[in-house]
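So the sequences go chain by chain: A and B. Numbering-wise, my numbering puts 161 at position 161 of the first sequence, and it's gapless, one number per residue. For any residue, its number in my numbering is found by taking its place in the second sequence, counting from 1, and adding 195.
Worth double-checking, as some hints may not be accurate.
[Stated by the list, open to error] Which stretches of chain B does chain A cover? Using the computed rule of at least three CB atoms under 8 Å from a CB of chain A, they are: (1) 210–220; (2) 243–254; (3) 266–277.
Derived from the structure by calculation, the hints contain no laboratory data. Yeah, the Cβ is synthetic: ideal placement off N, Cα and C, and Gly gets one too.
Each chain, written out:
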Amino acid sequence: MPATNLTRIARSKGDPRIERKGPSSLTDADRLARALGWLSIGLGMTELVAPGRIARTLGLHGKEGLIRGYGARELASAIPTLSVNKQVGLASRIAGDALDLATLAPALHHSNPKRHNAAIATALVAGITLLDIAAYAGVKAAHRREPGSDRDYSDRSGLPRGPQASRGLARKDFQIPPDYRAEGTVAAELPARAS
Amino acid sequence: MRALVWHGKEDIRCDTVSDPALEHPRDAIIKVTSCAICGSDLHLFHNLVPAMLPGDIMGHESMGEVVEVGSAAKGKLKKGDRVVIPFTIQCGECDQCRRGNFSVCERTNRKKELGDKVFGHTTAGLFGYTHLTGGYPGGQAEYLRVPFADTTHVKVPDGVDDEKLLFLSDILPTGWQAAVQADIQPGDTVAIWGCGPVGQMAIRSAILLGAEQVIAIDHLPERLSMAEAAGAITIDFEQDSVVERLNELTGGKGPHKCIDAVGTESHVNFGQPDTVLDRAKQMLMAENDRPHVLREMIYVCRPAGVISIIGVYLGLVDKIPMGQAMNKGLTFRMAQAHVPRWTGDLLRRIEDGQIDPSFVITHKADLSQGPEMYAKFRDKADGCVKVMLQP
Chain A
1 MPATNLTRIA RSKGDPRIER KGPSSLTDAD RLARALGWLS IGLGMTELVA
51 PGRIARTLGL HGKEGLIRGY GARELASAIP TLSVNKQVGL ASRIAGDALD
101 LATLAPALHH SNPKRHNAAI ATALVAGITL LDIAAYAGVK AAHRREPGSD
151 RDYSDRSGLP RGPQASRGLA RKDFQIPPDY RAEGTVAAEL PARAS
Chain B
196 MRALVWHGKE DIRCDTVSDP ALEHPRDAII KVTSCAICGS DLHLFHNLVP
246 AMLPGDIMGH ESMGEVVEVG SAAKGKLKKG DRVVIPFTIQ CGECDQCRRG
296 NFSVCERTNR KKELGDKVFG HTTAGLFGYT HLTGGYPGGQ AEYLRVPFAD
346 TTHVKVPDGV DDEKLLFLSD ILPTGWQAAV QADIQPGDTV AIWGCGPVGQ
396 MAIRSAILLG AEQVIAIDHL PERLSMAEAA GAITIDFEQD SVVERLNELT
446 GGKGPHKCID AVGTESHVNF GQPDTVLDRA KQMLMAENDR PHVLREMIYV
496 CRPAGVISII GVYLGLVDKI PMGQAMNKGL TFRMAQAHVP RWTGDLLRRI
546 EDGQIDPSFV ITHKADLSQG PEMYAKFRDK ADGCVKVMLQ P
């Protein structure tokens with residue numbers, strides 16, 4: 001059941017109900033970034049929980065601590081990737097991909113009996129790196145201020161009589177209400193200065 | 196009807212929804228002729244308030260024509276009336292309404308228990324602004340049900356364009372209240388952080404109230420040019436030190452009055468390291484807001500000065516220098532705008548040609564383009580300062 005139906009319980013009878021959904025403000029790049037953020041969480045949790053199993057599968061013996069560290073790194077990059085600052089998260093993911101590839105490279109050596117597993121993992125990481133780069137470029141393009149699109153609004157005063165003639169205009173018929181006065185007029189209350 | 200509906204973080208859609216219906220004798224239905232996207236809608240767009248639900252209709256700046264009136268509102272409204280709808284819903288009868296504190300009306304939040312739990316005591320119901328303030332469907336739609344309609348409307352005359360009147364719903368009275376609650380006096384230097392739509396209205400309000408020197412702070416060239424158009428001196432915080440420039444402009448004493456028209460989402464950059472830390476904490480849900488502007492105002496404000504907060508804050512903020520504030524004897528004033536308290540006076544000033552709020556509109560679009568306009572407004576792309584939508 002769609003979430004929009006579930007949330008009907010929080011509404012009254014007269015509130016409008018959704019009949020047909022329209023296109024979203026999310027771009028394809030935003031959606032890809034979100035998927036990669038959730039992938040980071042899944043992978044990060046797995047690396048934190050089962051580093052020994054991963055090390056054995058890939059023939060990376062003795063690297064369990066490093067894999068656990070990479071799990072923490074994945075979780076750390078998931079947070080900004082899932083936030084509105086996706087570019088930061090995706091950039092950190094790309095850097096992490098480079099680390100992953102560097103770590104897998106020695107496991108591709110013919111002396112590693114699990115080198116086929118390592119080759120599959122390397123291909124997967126390489127594919128995900130391409131997705132990360134595509135998402136980063138897409139998000140950056142979709143949410144940038146286009147160069148040369150600066151506008152000059154120096155003719156928009158909003159004060160039809162001009163700023164100088166408008167200065168203090170409202171004071172002719174408006175006083176700050178007593179409940180908004182912050183400045184006291186205490187000078188009259190001060191003891192007279194001894195002459 | 197069509198309406199802009201919140202489906203999740205950064206996910207707004209122009210959906211087809213059922214028409215609203217009268218629920219209470221004090222209700223009215225209006226056919227929306229114009230509405231706008233507010234800066235505070237972006238906090239919801241970013242899901243910074245954890246009280247939005249998928250399916251909520253956005254929008255709290257709208258105006259239109261009355262098409263249906265409940266029996267108890269008929270004395271005050273009739274079909275065909277042209278009205279601006281304040282973003283605050285007010286009963287007009289409770290203790291707070293009688294004092295003019297309409298944004299903390301005691302009776303209009305239909306989810307009062309939630310408001311009581313979160314705020315200590317409930318605030319007013321607001322249109323399209325989370326379930327903490329009633330979860331009322333908003334006005335970025337073709338039709339809007341207005342609860343307590345007999346007291347929640349501003350009648351406006353024919354013959355004046357929507358562009359000039361629409362902002363009586365929020366940003367004009369909000370900017371005006373920012374200036375009024377700062378107690379601006381002739382001769383004052385007033386510093387205003389944030390040159391978004393509310394900041395722009397606060398600049399004009401400060402001029403009208405007689406401020407001698409208005410200093411506007413932002414980093415976007417188009418917004419700074421709009422501030423200069425009203426006679427403000429500008430500071431680009433990415434080029435200059437705000438504290439040094441303000442001290443230079445005030446003979447080393449600091450501004451008399453400081454207005455925060457930024458609120459929870461201070462711009463994050465490495466030149467302001469506290470904003471980077473705040474953003475990281477916000478992502479980890481260890482802090483709700485990024486109060487850089489508040490910290491800077493407290494630091495630079497003249498002793499015995501006034502801090503006026505009109506930019507929206509959401510929850511818990513860290514590292515607020517209360518020692519500086521207390522020892523300098525600063526006065527803090529803050530609130531969501533008590534819209535109807537000011538609208539009669541401001542409507543007269545619009546009709547009198549003292550202010551024309553339409554200057555702030557940089558983009559007009561059909562309601563169906565709302566989702567992309569949200570993104571454009573958020574990204575400040577194409578010089579976007581204010582989006583007006585027409586259903």
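A quick look at each hint next to the structure:
1. 210–220: Our answer is that it holds, as 9 residues pass the Cβ test (under 8 Å) against chain A, meeting three.
2. 243–254: With 5 residues close enough to chain A, the hint holds.
3. 266–277: With 0 residues closer than 8 Å to chain A, the stretch 266–277 of chain B misses the three-residue bar; violated.
The structure fails to meet hint 3 from the earlier list, while all remaining hints are met.
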